[in-house]
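Model the full structure from these sequences, guided by the hints.
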Amino acid sequence: MPFPLPSPAEILEPAQAEMEAALIALKPDADPAAIARAVRSEKGLISAHLRTDSLGLFMTHLHLRWWGDQYMPDTAELEQLKRHASIWGVYQREATKAVGYAVFTGVAGTAIPSGLQLRTPGGVLVETSASGAVDGAGLATLALVATAGGTTANTPGGASLPIVTSLAGLDPQVATLDAGGLAGGADEETPESLLARLLAVIREPGHGGAAFDYPKWVFNSFAASKVAVVANWVGPGSLGVVVAMGTATAPVEPTDAELDAIAALLETLRPVTAEVYVLAYVAKVQPFTIKLTPDTVANRAAVAAALDDFFARESQIGGTLPHSRISEAISSANGEYAHELAIPAGDVVCTPRELATRGAIVWVIP
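Residue numbers (my numbering): 1 to 366.
No lab work stands behind these hints: they were computed from the structure.
Here the structure is a predicted model, which means the values were calculated and not measured.
We put the CB at the ideal spot given by N, CA and C, even for glycine.
What you were told as hints is all true, and nothing was included just to trick you.
If you anchor each label on the Cβ, the simulated ranges turn out as follows:
#1 G359 to P191: 31 to 37 Å
#2 G122 to V285: 29 to 35 Å
#3 R83 to P156: 38 to 44 Å
#4 E204 to E18: 51 to 57 Å
The list that follows gives simulated cross-link-like pairs (lysine-lysine, DSSO-like), each with its CA atoms no further than 30 Å apart:
#5 K82 to K97
#6 K27 to K43
#7 K97 to K284
Right, here's the structure in full:
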């Protein structure tokens, strides 16, 4: 049953009554009015002591309630939440570093060391994460990693990155990002995301390489939005780990560098008999044709927002979105009275690598 937290006044009142009764019992000949003044008047000495004690006891109640909140992960503050999570093998993801590939040009045979620093157009330092050499065609493609975590190093493909300290044999002293650019940089995981992952593990504990272990391993280290596992991807003993980066609302296809980094992590965690393939998701863009009543600009925007929220919550890699659930999401939009959903005409069914996303909406005039 609930235990309501008493206020200082609620703590003080019974204390005053008990003190007054005790003093009358101790001094039956004393003036009851004088005892009452001493116990209850703001100027009374005994009253001052009782008020001080009541405030102290109230603070004790607050402290105990705070500790009570820390005992459960869904009410704990971040420091204690991280401790709860660590017991279950779930860790707050630190800010992740952007990764990518860049092409260097220069004299054939020129050695390019690991740790060679370059600067992005945004002024962020990145460095080569492996050594290499310029080939006979005068080109070298090397992996890059940001020197610090966060989103600031994310850079689109094709950008030019000047080398911080010139390296003889390279000309120009600039590297060019491949089409994937620098991607995967993300800020530290939010407490809300950490709690959601912890609760998922508590409800479905790890089993040393079960299908649901792989998403946990990926989410611990990478800012992925959705992860799915496909058994027997290329035959018995193999599995595909399909990954979407970005956010649930705006999923993004992982770059080759991100896929390589995820694969390297899973290689250290997978069961020895498992053959793991890390794959980028394939977007299944679902168009819509809707007849809306009443058909207003505000109601159209509300329906689009409701569908975006529905896809973020319900759409999973390789999943199915029932037609009735899609219609229900449209009906939940503020201002919608009735609608006819012509497209899609049935359930939205994805192949194992596909992730359904909302496409354009065609509005049919009533």
